[in-house]
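Number of protein chains: 2
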Amino acid sequence: MFPRSWKAVIFLATIPRALALWPVPRTLTTGSSFVVLSPTFKITVNVPNPPQDLLSAVSQTKTYLETDKLQRLVVGRGASDAGSLKTAAVLPSLTLTLQNALPVLPISVEAVKDVASRSEGYTLSIPSDGKPAVLSANSTLGLLRGLTTFSQFWYDLNGVTYTNVGPVSIVKDVPAYPYRGFMLDTARNFFPVADIKRTLDAMSWVKINTFHWHIVDSQSFPLSLPDFPELAQKGAYSASEVYSPADVQDIVSYAAARGIDVLMEIDTPGHTAIIATSHPELVACNQASPWSTFANEPPAGQLRLASPAAVNFTANLFTAAAKVLPGKYFSTGGDELNTACYAQDAVTQADLKKSGQTLEQALNVFTKTTHDALAAVGKTPVVWEEMVLEHNLTLSNNTLVMVWISSANAAAVAAKNFRFVHGPSDYFYLDCGAGEWIGNNPSGNSWCDPFKTWQKSYTFDPLANLTAAQAHLVLGGQQLLWSEQSDAQNIDSIVWPRAATSAEIFWTGAKLPSGAALSGTEALPRLHELRYRMVQRGVRAIAIQPQWCALRPSLCNIDS
Amino acid sequence: MFPRSWKAVIFLATIPRALALWPVPRTLTTGSSFVVLSPTFKITVNVPNPPQDLLSAVSQTKTYLETDKLQRLVVGRGASDAGSLKTAAVLPSLTLTLQNALPVLPISVEAVKDVASRSEGYTLSIPSDGKPAVLSANSTLGLLRGLTTFSQFWYDLNGVTYTNVGPVSIVKDVPAYPYRGFMLDTARNFFPVADIKRTLDAMSWVKINTFHWHIVDSQSFPLSLPDFPELAQKGAYSASEVYSPADVQDIVSYAAARGIDVLMEIDTPGHTAIIATSHPELVACNQASPWSTFANEPPAGQLRLASPAAVNFTANLFTAAAKVLPGKYFSTGGDELNTACYAQDAVTQADLKKSGQTLEQALNVFTKTTHDALAAVGKTPVVWEEMVLEHNLTLSNNTLVMVWISSANAAAVAAKNFRFVHGPSDYFYLDCGAGEWIGNNPSGNSWCDPFKTWQKSYTFDPLANLTAAQAHLVLGGQQLLWSEQSDAQNIDSIVWPRAATSAEIFWTGAKLPSGAALSGTEALPRLHELRYRMVQRGVRAIAIQPQWCALRPSLCNIDS
Chain A
1 MFPRSWKAVI
11 FLATIPRALA
21 LWPVPRTLTT
31 GSSFVVLSPT
41 FKITVNVPNP
51 PQDLLSAVSQ
61 TKTYLETDKL
71 QRLVVGRGAS
81 DAGSLKTAAV
91 LPSLTLTLQN
101 ALPVLPISVE
111 AVKDVASRSE
121 GYTLSIPSDG
131 KPAVLSANST
141 LGLLRGLTTF
151 SQFWYDLNGV
161 TYTNVGPVSI
171 VKDVPAYPYR
181 GFMLDTARNF
191 FPVADIKRTL
201 DAMSWVKINT
211 FHWHIVDSQS
221 FPLSLPDFPE
231 LAQKGAYSAS
241 EVYSPADVQD
251 IVSYAAARGI
261 DVLMEIDTPG
271 HTAIIATSHP
281 ELVACNQASP
291 WSTFANEPPA
301 GQLRLASPAA
311 VNFTANLFTA
321 AAKVLPGKYF
331 STGGDELNTA
341 CYAQDAVTQA
351 DLKKSGQTLE
361 QALNVFTKTT
371 HDALAAVGKT
381 PVVWEEMVLE
391 HNLTLSNNTL
401 VMVWISSANA
411 AAVAAKNFRF
421 VHGPSDYFYL
431 DCGAGEWIGN
441 NPSGNSWCDP
451 FKTWQKSYTF
461 DPLANLTAAQ
471 AHLVLGGQQL
481 LWSEQSDAQN
491 IDSIVWPRAA
501 TSAEIFWTGA
511 KLPSGAALSG
521 TEALPRLHEL
531 RYRMVQRGVR
541 AIAIQPQWCA
551 LRPSLCNIDS
Chain B
1 MFPRSWKAVI
11 FLATIPRALA
21 LWPVPRTLTT
31 GSSFVVLSPT
41 FKITVNVPNP
51 PQDLLSAVSQ
61 TKTYLETDKL
71 QRLVVGRGAS
81 DAGSLKTAAV
91 LPSLTLTLQN
101 ALPVLPISVE
111 AVKDVASRSE
121 GYTLSIPSDG
131 KPAVLSANST
141 LGLLRGLTTF
151 SQFWYDLNGV
161 TYTNVGPVSI
171 VKDVPAYPYR
181 GFMLDTARNF
191 FPVADIKRTL
201 DAMSWVKINT
211 FHWHIVDSQS
221 FPLSLPDFPE
231 LAQKGAYSAS
241 EVYSPADVQD
251 IVSYAAARGI
261 DVLMEIDTPG
271 HTAIIATSHP
281 ELVACNQASP
291 WSTFANEPPA
301 GQLRLASPAA
311 VNFTANLFTA
321 AAKVLPGKYF
331 STGGDELNTA
341 CYAQDAVTQA
351 DLKKSGQTLE
361 QALNVFTKTT
371 HDALAAVGKT
381 PVVWEEMVLE
391 HNLTLSNNTL
401 VMVWISSANA
411 AAVAAKNFRF
421 VHGPSDYFYL
431 DCGAGEWIGN
441 NPSGNSWCDP
451 FKTWQKSYTF
461 DPLANLTAAQ
471 AHLVLGGQQL
481 LWSEQSDAQN
491 IDSIVWPRAA
501 TSAEIFWTGA
511 KLPSGAALSG
521 TEALPRLHEL
531 RYRMVQRGVR
541 AIAIQPQWCA
551 LRPSLCNIDS
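As given, the protein sequences belong to chains A and B, one line each in that order.
Residue numbering for the first sequence follows the UniProt record's numbering, starting at 1 and increasing by one per position.
Residue numbering for the second sequence follows the UniProt record's numbering, starting at 1 and increasing by one per position.
Heads up, some of the hints might be wrong.
Stated by the list, open to error - Listed below are the simulated DSBU-like cross-link pairs for lysine-lysine, each with C-alpha atoms no more than 30 angstroms apart in a straight line:
{"id": "1", "chain 1": "B", "residue 1": "Lys234", "chain 2": "A", "residue 2": "Lys69"}
{"id": "2", "chain 1": "A", "residue 1": "Lys234", "chain 2": "B", "residue 2": "Lys86"}
{"id": "3", "chain 1": "A", "residue 1": "Lys113", "chain 2": "A", "residue 2": "Lys69"}
{"id": "4", "chain 1": "A", "residue 1": "Lys197", "chain 2": "A", "residue 2": "Lys69"}
{"id": "5", "chain 1": "B", "residue 1": "Lys113", "chain 2": "B", "residue 2": "Lys328"}
{"id": "6", "chain 1": "A", "residue 1": "Lys42", "chain 2": "A", "residue 2": "Lys234"}
{"id": "7", "chain 1": "B", "residue 1": "Lys113", "chain 2": "B", "residue 2": "Lys354"}
{"id": "8", "chain 1": "A", "residue 1": "Lys368", "chain 2": "A", "residue 2": "Lys234"}
{"id": "9", "chain 1": "B", "residue 1": "Lys416", "chain 2": "A", "residue 2": "Lys69"}
{"id": "10", "chain 1": "A", "residue 1": "Lys197", "chain 2": "B", "residue 2": "Lys69"}
{"id": "11", "chain 1": "B", "residue 1": "Lys368", "chain 2": "B", "residue 2": "Lys234"}
{"id": "12", "chain 1": "A", "residue 1": "Lys234", "chain 2": "B", "residue 2": "Lys69"}
{"id": "13", "chain 1": "B", "residue 1": "Lys42", "chain 2": "B", "residue 2": "Lys86"}
{"id": "14", "chain 1": "B", "residue 1": "Lys113", "chain 2": "B", "residue 2": "Lys234"}
{"id": "15", "chain 1": "A", "residue 1": "Lys328", "chain 2": "A", "residue 2": "Lys368"}
{"id": "16", "chain 1": "B", "residue 1": "Lys234", "chain 2": "B", "residue 2": "Lys323"}
{"id": "17", "chain 1": "B", "residue 1": "Lys172", "chain 2": "B", "residue 2": "Lys131"}
{"id": "18", "chain 1": "A", "residue 1": "Lys86", "chain 2": "B", "residue 2": "Lys131"}
For the record, the hints were derived by calculation from the structure and aren't laboratory data.
Model the full assembly from the supplied sequences, consistent with the hints where possible.
Pasting the structure below:
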């Protein structure tokens, strides 16, 4: 009497059968045969002197194959597959080989090369005739990416591990953009090392390759540096809410072994009030009231950028933090500089008068000096967009710019010929929509309302408003978590699975293997798969729909 | 140069010193003396033949005192208290006594009495001269409430458990409103029993006394009933996502021992599509397309309310579910009835023709018959507001109405002289603001945007737009979690601490013990305390501000 429209039935038939892959490979051919993983399934590493982190990645992959136990997201959860599994081909093994890769370098070395020169591609075949699967790449990092893809094919039914899309062929899956990141603010609230590691695991599952670590801010300074122990001693929330040098190395190593580079940020000259706890002479308008005159959020306080002592301190601080990091980039921040703070700061005014500089000229000296210090230890500076859009500074051509205020600002950054990363608040801010957190403001909403759904984020176009000649300036993109209302209690649920959307946009690029444009309608069932698999692996990713919808692709679409 | 404004300093001095209490008692006198809990601290139960659940509550309270280990939320986390603790009075014990309570009934019996006749009041004193604390009440339920209050006074510093607000006197703290609830939808997504129990624990910490369990809906039927086994067998998401009869009894018992009554809801005649999996003949427009014509969300499907078989089925279903519940209320639902579904349903049209009824007349028969069935097993029916505002039905005068569409509708319900519970979407819906979940709708926002912050919820006035003569109709209020985008992964973080705001509004009432009106500014530091204590007890309540703000009451207010 009310038949399902044929539209939905037809749509179902055109959904790629490899529902479980995220991000979708650039090339992909799948069949419709069942393939069962042998109870004695082996992963053979045909690599001379395989690095330890590659062996660990192989071991982790085997663990996931054994413990994911993800049932298919269909009504009946795959029970109807039982018959097919009895006659399915059995996959005995996966063989890993390296091509053109002498010397063989660890994943952790490959992962921290300059982002533009990393080798993340791989080729994977999963036969459905009982022959071994083969994964090949030009680097151990590429092998890691291929292992990640391999691990996403498998379902469980009554203890049998299987896929229903054999044979599979992926030829030279390489990312569309080299930078695919996630930013975490660990200063508004603190995140224990274990929670960061779990987040790095989840990042690796979607091939995110950069952890942008906004480690300090005006509220706390959890970074403990041997050269500047006082900053964390006085500026961390407590002695137990500190990243020791060993913690930082632990996180850097853990990330690198998962193909992730750590891009640390020490935001300056704004967002530095907490430095006043140990160096009050370096900070203007510390906790000045009303805070809203002097800062975008409490507490107010900015480094006295016109003070030679503050410039010197900052240069040394950057050097101290950056020198122990293997990556090639280091972020110096530069957002939301408040000029009212300096206008009323007698020390800054005296410094400016003494040097005969304007505030902008002093900012130029501050920036050049501190960036030069980073260059001296081999780092390329990264800045927020204001540094190129709101200030007229002398910046190195290779400076990397983070777009955040609006997606509309990417074109302006490109017009200045800087390479940049997309992190626009109107698409990629994970904290938006959670309401006002400033006290005594009951009717206030989030400044960047509404909540950025995965569907909205997924519509982001990396090349919007750019010329073809500017396309090469887009290094990639990332989603970001500012932590005014987040800490370890909700990091999983506010980040996942949403942060996977940019991971796919910047890996898969504009088009699916079929040639069709990326579409949220196509992506929805795959994102369910990813989410349910994340939960199986212990990451508290949120449900994005009722399970009824997850089991019935397309039936909860707006037009179905 | 930028002094903190005096305003902020003065404000700090007026914050009640008992920061840790939530909800604030109706009467409260505190001092400024430190009191240390004796290492041999005892809770003495001066109650004849104390019920087992009272002894369990005492034991649980002792466990919290020993394991909360909450440091004070001030800069230094209470380190400066060390000197005061050396000379502080030592509290040897807490004595519990019952007044006017013969026979002594278990908490679990007191908790499920008619909500209007429960005895939740208590009197508590905590001397600061080394004498025992005393807690008295007229019922074991009152003693439980007092124990809950007692447990919120204590901080930890280096293993010493102490308060800084002795002596304390609370005389006859009784709730302003009898119904203080929390609603959970376990049908859009499933919640394991353990997660519900943890939620019940957290509810009890803020003296919430009703668990409104929206147990089934169109998407799944996880309720397994001995008389209707087919409903869950065919309608649950899977065999492991079912509440067995034993699970229901487990939850009911667990709740009752914590002073919480279970108000179960089987939403009818709408929101019942899933019943078609086992009784297709009873359901109109099952999964009809487009769903948006026939339902507010997918899948469409409603009980054929004009069918005598469906009426009989529903009456028997209510009886089967309600007869094993100790509480006095049972919700029959009644929201979002879709008339287009019935207009196009040939069976319904034939039924109406046969009986000579309009749809509204048939709805009246459906409602009367099913409500009478509940009355026959001693239950009072509860309905959503449409049943009194949008339909002209013959309802028993004692029917309890849930206001949900808008806070503005409370007055209309009151005008019809029904008792009601406030659960308006514009203040109390916890799911709002998380964005559109319907697929293929990338620009869609939450229908009830924006996110309801605790600050917004806390401004709710239970008596707004009501006459003094109508005030008695307000039974209380509750916050609600619809679970389209929630399950066990994020229940804690989406519910807490926000759901505590209604708990305080409806316990404390319009005024604080000082006589001042409730104010978010006053409440903020206490809500931080509650949230941090919840985290210490294993509930993943979210951070509501940066920790910098939590440690500095008022300094993150909009005007500070």
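Verification of the hints:
Taking the CA atoms of Lys234 (chain B) and Lys69 (chain A), the gap is near 23 angstroms; set against the 30 angstroms cutoff, the hint holds. Our distance criterion of 30 angstroms between C-alpha atoms is met by Lys234 (chain A) and Lys86 (chain B), whose separation comes to about 26 angstroms. A C-alpha spacing of about 35 angstroms is found between Lys113 (chain A) and Lys69 (chain A), which places the hinted pair above 30 angstroms, so the restraint is violated. This hinted pair checks out: Lys197 (chain A) and Lys69 (chain A) have alpha carbons roughly 22 angstroms apart, not beyond 30 angstroms.
Proposed proximity of Lys113 (chain B) and Lys328 (chain B) is supported: the alpha carbons are some 7 angstroms apart, at most 30 angstroms. For the suggested pair Lys42 (chain A) and Lys234 (chain A), the alpha carbons sit about 52 angstroms apart, so the restraint of at most 30 angstroms is broken. Between Lys113 (chain B) and Lys354 (chain B) the alpha-carbon distance is near 43 angstroms, which puts this suggested pair outside the 30 angstroms criterion. With a C-alpha separation of about 28 angstroms, the suggested pairing of Lys368 (chain A) with Lys234 (chain A) holds against the 30 angstroms cut-off.
Using a Cα cut-off of 30 angstroms, the hinted pair Lys416 (chain B) and Lys69 (chain A) is violated, with the two alpha carbons roughly 54 angstroms apart. With a C-alpha separation of about 26 angstroms, the suggested pair Lys197 (chain A) and Lys69 (chain B) falls inside the 30 angstroms cut-off, and the hint holds. Proposed proximity of Lys368 (chain B) and Lys234 (chain B) is supported: the alpha carbons are some 28 angstroms apart, at most 30 angstroms. Restraint check: the Cα-Cα separation between Lys234 (chain A) and Lys69 (chain B) comes to about 23 angstroms, which is no more than 30 angstroms; the hinted pair holds.
Under the criterion of a C-alpha separation no larger than 30 angstroms, the hint pairing Lys42 (chain B) with Lys86 (chain B) is consistent with the structure, at around 21 angstroms. For the suggested pair Lys113 (chain B) and Lys234 (chain B), the alpha carbons sit about 35 angstroms apart, so the restraint of at most 30 angstroms is broken. With a C-alpha separation of about 18 angstroms, the suggested pairing of Lys328 (chain A) with Lys368 (chain A) holds against the 30 angstroms cut-off. Our distance criterion of 30 angstroms between C-alpha atoms is met by Lys234 (chain B) and Lys323 (chain B), whose separation comes to about 23 angstroms.
At roughly 20 angstroms between alpha-carbon atoms, Lys172 (chain B) and Lys131 (chain B) fall within 30 angstroms of each other, so this suggested pair holds. Simply put, Lys86 (chain A) and Lys131 (chain B) have alpha-carbon atoms about 75 angstroms apart, too far for the 30 angstroms limit, and the pair is violated.
When the structure is compared with the earlier hints, violations turn up for hints 3, 6, 7, 9, 14 and 18 and for no others.
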